[in-house]
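Enquirer: Sequence:
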Amino acid sequence: MSEPVRVQLSRSKGWRMPENTVKVDRSSGFGNPFPIINGTSTTMGKTSDVWQVGTWEGPAMWFRDTKPEAVELAVQAFRAWVMHPAQESLLNKAKTSLRGKNLACWCKEGEPCHADVLLELANA
1 MSEPVRVQLS
11 RSKGWRMPEN
21 TVKVDRSSGF
31 GNPFPIINGT
41 STTMGKTSDV
51 WQVGTWEGPA
61 MWFRDTKPEA
71 VELAVQAFRA
81 WVMHPAQESL
91 LNKAKTSLRG
101 KNLACWCKEG
111 EPCHADVLLE
121 LANA
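For the sequence shown, UniProt numbering gives the first residue as 1, with consecutive numbering after it.
Honestly, I wouldn't trust all of these hints.
Unchecked claim - With a straight-line cut-off of 25 Å between C-alpha atoms, the simulated DMTMM-like cross-links for lysine to aspartate or glutamate are:
1) Lys13 / Glu72
2) Lys93 / Glu3
3) Lys13 / Glu109
4) Lys101 / Glu120
5) Lys108 / Glu3
6) Lys108 / Glu120
7) Lys95 / Glu19
8) Lys23 / Glu88
9) Lys67 / Glu3
10) Lys13 / Asp65
11) Lys93 / Asp49
12) Lys67 / Asp49
13) Lys101 / Glu3
14) Lys23 / Glu120
15) Lys108 / Glu72
16) Lys101 / Glu88
17) Lys67 / Glu88
18) Lys93 / Asp25
19) Lys67 / Glu19
Since the hints were derived computationally from the structure, they do not count as laboratory data.
Start from the sequences, fold in the hints, and give me the full structure.
Expert: Below you can see the structure in the form of structure tokens.
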């Protein structure tokens, strides 16, 4: 059996999720609860773009200057969150239901993604 991989979801006509693949986007119980939002920041009268990483329940928790930095931070936050003792049942569910499966998310190939964290933890 080949090693499980991350698959990028697509809405392209004719695209189908490969066999042995589980969707782990935010519509599933395995989605990353740390959204990335593009916003603006005004400091000393100067307005600039800023990327916010937060939770669905509250305001942005962290700010980054670039989207790649924000994506990396969101994945790091997901890793810390899913490894926290309060998420033990989710981690156990991931280990049992995702082991040996390809995982599908909307993140672009080559970019950090919480699905990579789930692949690592489920197949450890």
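Enquirer: Hints first: check each against the structure and report whether it holds.
Expert: Tested hints:
In summary, the hint linking Lys13 to Glu72 is not supported, as the alpha carbons are separated by about 30 Å, beyond the 25 Å threshold. A hinted pair counts as satisfied when its Cα atoms are at most 25 Å apart, and Lys93 with Glu3 qualifies at roughly 20 Å. For the suggested pair Lys13 and Glu109, the alpha carbons sit about 19 Å apart, so the restraint of at most 25 Å is met. Proposed proximity of Lys101 and Glu120 is supported: the alpha carbons are some 11 Å apart, at most 25 Å.
Taken as a hint, the Lys108 and Glu3 pair is honoured in the structure, with Cα atoms around 20 Å apart against an allowance of 25 Å. A C-alpha spacing of about 18 Å is found between Lys108 and Glu120, which places the hinted pair at or below 25 Å, so the restraint holds. The hinted pair formed by Lys95 and Glu19 meets the criterion: a straight-line CA distance of about 19 Å does not exceed 25 Å. The straight-line distance between the Cα atoms of Lys23 and Glu88 is roughly 20 Å, inside the 25 Å bound, and the hint therefore holds.
This hinted pair does not check out: Lys67 and Glu3 have alpha carbons roughly 29 Å apart, beyond 25 Å. Straight-line distance between C-alpha atoms of Lys13 and Asp65 comes to about 35 Å, which puts the hinted pair past the 25 Å bound. Distance check on the hinted pair: Lys93 and Asp49 sit about 38 Å apart at the alpha-carbon level, beyond 25 Å; violated. Between the alpha carbons of Lys67 and Asp49 the distance comes to roughly 10 Å, so the proposed pair stays at or under 25 Å and holds.
Of the supplied pair hints, the one linking Lys101 and Glu3 holds, its CA atoms being roughly 9 Å apart against a limit of 25 Å. Of the pairs offered as hints, the one joining Lys23 and Glu120 holds, with about 16 Å between alpha carbons and a cut-off of 25 Å not exceeded. Under the criterion of a C-alpha separation no larger than 25 Å, the hint pairing Lys108 with Glu72 is consistent with the structure, at around 13 Å. About 20 Å separates the Cα atoms of Lys101 and Glu88, which keeps this hinted pair within 25 Å; it holds.
Taking the CA atoms of Lys67 and Glu88, the gap is near 30 Å; set against the 25 Å cutoff, the hint is violated. Of the pairs offered as hints, the one joining Lys93 and Asp25 holds, with about 15 Å between alpha carbons and a cut-off of 25 Å not exceeded. Of the pairs offered as hints, the one joining Lys67 and Glu19 is violated, with about 32 Å between alpha carbons and a cut-off of 25 Å exceeded.
Hint check: violations occur at hints 1, 9, 10, 11, 17, 19; the rest are consistent with the structure.
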